[in-house]
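S.K.: The residues making up each chain are set out below.
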Amino acid sequence: MSGLEHYLSIFTKAVFIENIVLAYFLGLCSFLAISKNINASVGIGMAVVVVLTITAPINWVLWEFLLDKGALVWISEDFKNTDLGFLKLIVFISVIAAMVQLVEMFMERFSQSLYNSLGIFLPLIAVNCSILGGSLFMVEREYTISETVVYGFGSGVGFFLAIVALASIRYRIRYSNIPPRLQGVGMAMLLTGLLSMAFMAFSGIDL
Amino acid sequence: MELFNSESKKIISDPINVNNPISLQVLGICSALAVTIRLDQAIIMTLAVIFVLCSSNVILSLIREYIPARVRIVIMLSVIASLVSVVDELLKAYLYDMSKQLSVFVGLIITNCIIMGRAEAFALKNSPSKAFLDGLGNGFGYGLIIIIVSFFRELFGAGTITLPDGGAGYVLWSIPESWYAAGYENIGLLVLSPGAFIILGLVIWAQREMAGIEEEA
Chain A
0 MSGLEHYLSI
10 FTKAVFIENI
20 VLAYFLGLCS
30 FLAISKNINA
40 SVGIGMAVVV
50 VLTITAPINW
60 VLWEFLLDKG
70 ALVWISEDFK
80 NTDLGFLKLI
90 VFISVIAAMV
100 QLVEMFMERF
110 SQSLYNSLGI
120 FLPLIAVNCS
130 ILGGSLFMVE
140 REYTISETVV
150 YGFGSGVGFF
160 LAIVALASIR
170 YRIRYSNIPP
180 RLQGVGMAML
190 LTGLLSMAFM
200 AFSGIDL
Chain B
0 MELFNSESKK
10 IISDPINVNN
20 PISLQVLGIC
30 SALAVTIRLD
40 QAIIMTLAVI
50 FVLCSSNVIL
60 SLIREYIPAR
70 VRIVIMLSVI
80 ASLVSVVDEL
90 LKAYLYDMSK
100 QLSVFVGLII
110 TNCIIMGRAE
120 AFALKNSPSK
130 AFLDGLGNGF
140 GYGLIIIIVS
150 FFRELFGAGT
160 ITLPDGGAGY
170 VLWSIPESWY
180 AAGYENIGLL
190 VLSPGAFIIL
200 GLVIWAQREM
210 AGIEEEA
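Going down the list, the sequences are from chains A and B.
For the first sequence, numbering that gives the first Met the number 0 begins at 0 and goes up steadily by one.
For the second sequence, numbering that gives the first Met the number 0 begins at 0 and goes up steadily by one.
By construction, these hints were calculated from the structure, which means they are not laboratory data.
The beta carbon of each residue, even a glycine, is placed where N, CA and C say it ideally should be.
The reader is advised that the hints may include incorrect statements.
[Stated by the list, open to error] Far from chain A by the CB rule (all over 10 Å, computed), these chain B residues:
no., residue
1, S12
2, S30
3, C112
4, L188
5, W204
[Claimed, not checked] Straight-line alpha carbon distances no greater than 20 Å define the calculated DMTMM-like cross-link-like pairs of lysine to aspartate or glutamate that follow:
no., chain 1, residue 1, chain 2, residue 2
6, B, K129, B, E88
7, B, K91, A, E139
8, B, K91, A, E76
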């Protein structure tokens, strides 16, 4: 497969076929809590795209040159058998927390309007599983650095799409006659199920 | 403090019923869906979560007076991440097949909001023994829901009931061949992700109906 086509297929796969929310159940906490409101959904969706695109490649570099078995050979041949893989989780989550903080400070300094619209969602993102999940999947699937960038961006877009879609549906049914105890999360779950079924139609596409 | 007075009982029983972490606090949904394809995965996941939740609650409660409010999130994350790494390594060592099946979802216990949520809402304000009970209660509440969901998903989706053992799982019961011969079919959808969402939605509905709680729209 030629270069561009290959990346395009990773992107489409991450957005539609293996959507991080609807197929892998990641980031559902914020997905359910925030989809009550469309504007907020657009905000957190954008924040996830930004943070995921930044953190996945950084974690890739750390994994490849620090943590993986034999990754330290660039320092000296003696480290050929050193495997720091068990530090993966701690390193990844620290990078994510630090990056979220940095992105927040950067936005506050350079784009006040963006900060005002995204600001309150950024701290929430540090504990959004889709970000950590993105990094862990990238390790498991052994992507290269450019594939990781495309994958991170694609997963972010997938999250954005899913949350905006759910928020719109919840907005549409706000006056519907739902059994009182199904109201809220229960109904959002059922809607997500239907949404996920719709996205499953893409799984027939062979890339 | 007496361990089994009414207050402690309430700390344990509330999260199982009227303040269930999944169906009422809406925390920790991600892992709840991903590991419910089979019953044995759900049971192992529950044990892992109970372990991490209790230990993190106790540790954070012990050091709660030394944690500056500003950096508490980082401290909580590092305590939780260390505990989860321990669980991950233990699973790899003793239950390798299970660890392969759960793949990234063990690691994702770190970002399981139940653990952060209980640390923030309870452990940082209460004594270690109460925090331990709270961890236990919420762990059971979480386990109850995911075990119910996985039971239905496995029984109707794959036609088996699997309990955890050292290897690939011990099949307790499976739907006999004669049923299939008579025209019974598994609902394949339940094994896939839409089935998980729908079953969990229905379980949440049922749980709220039993607990008698409505959400304000």
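S.K.: Determine for every hint whether it applies to the structure shown.
M.R.: Outcome of the hint check:
At roughly 20 Å, the least C-beta separation between S12 (chain B) and chain A is larger than 10 Å, which holds for a residue marked as non-interface. Here S30 (chain B) does not stay apart from chain A, with its beta-carbon only about 8 Å from theirs, under the 10 Å limit. Chain A draws C112 (chain B) into its interface by the beta-carbon criterion, the shortest separation being 5 Å against a cut-off of 10 Å. For L188 (chain B), the shortest C-beta to C-beta distance to chain A comes to about 8 Å, within the 10 Å cut-off, and the non-interface label is violated.
Some Cβ of chain A comes within 10 Å of the Cβ of W204 (chain B); the nearest lies about 4 Å off, and the non-interface call is violated. Taking the CA atoms of K129 (chain B) and E88 (chain B), the gap is near 28 Å; set against the 20 Å cutoff, the hint is violated. With a C-alpha separation of about 15 Å, the suggested pairing of K91 (chain B) with E139 (chain A) holds against the 20 Å cut-off. Proximity of K91 (chain B) to E76 (chain A) is assessed by CA-CA distance (about 28 Å); at most 20 Å being required, the pair is judged violated.
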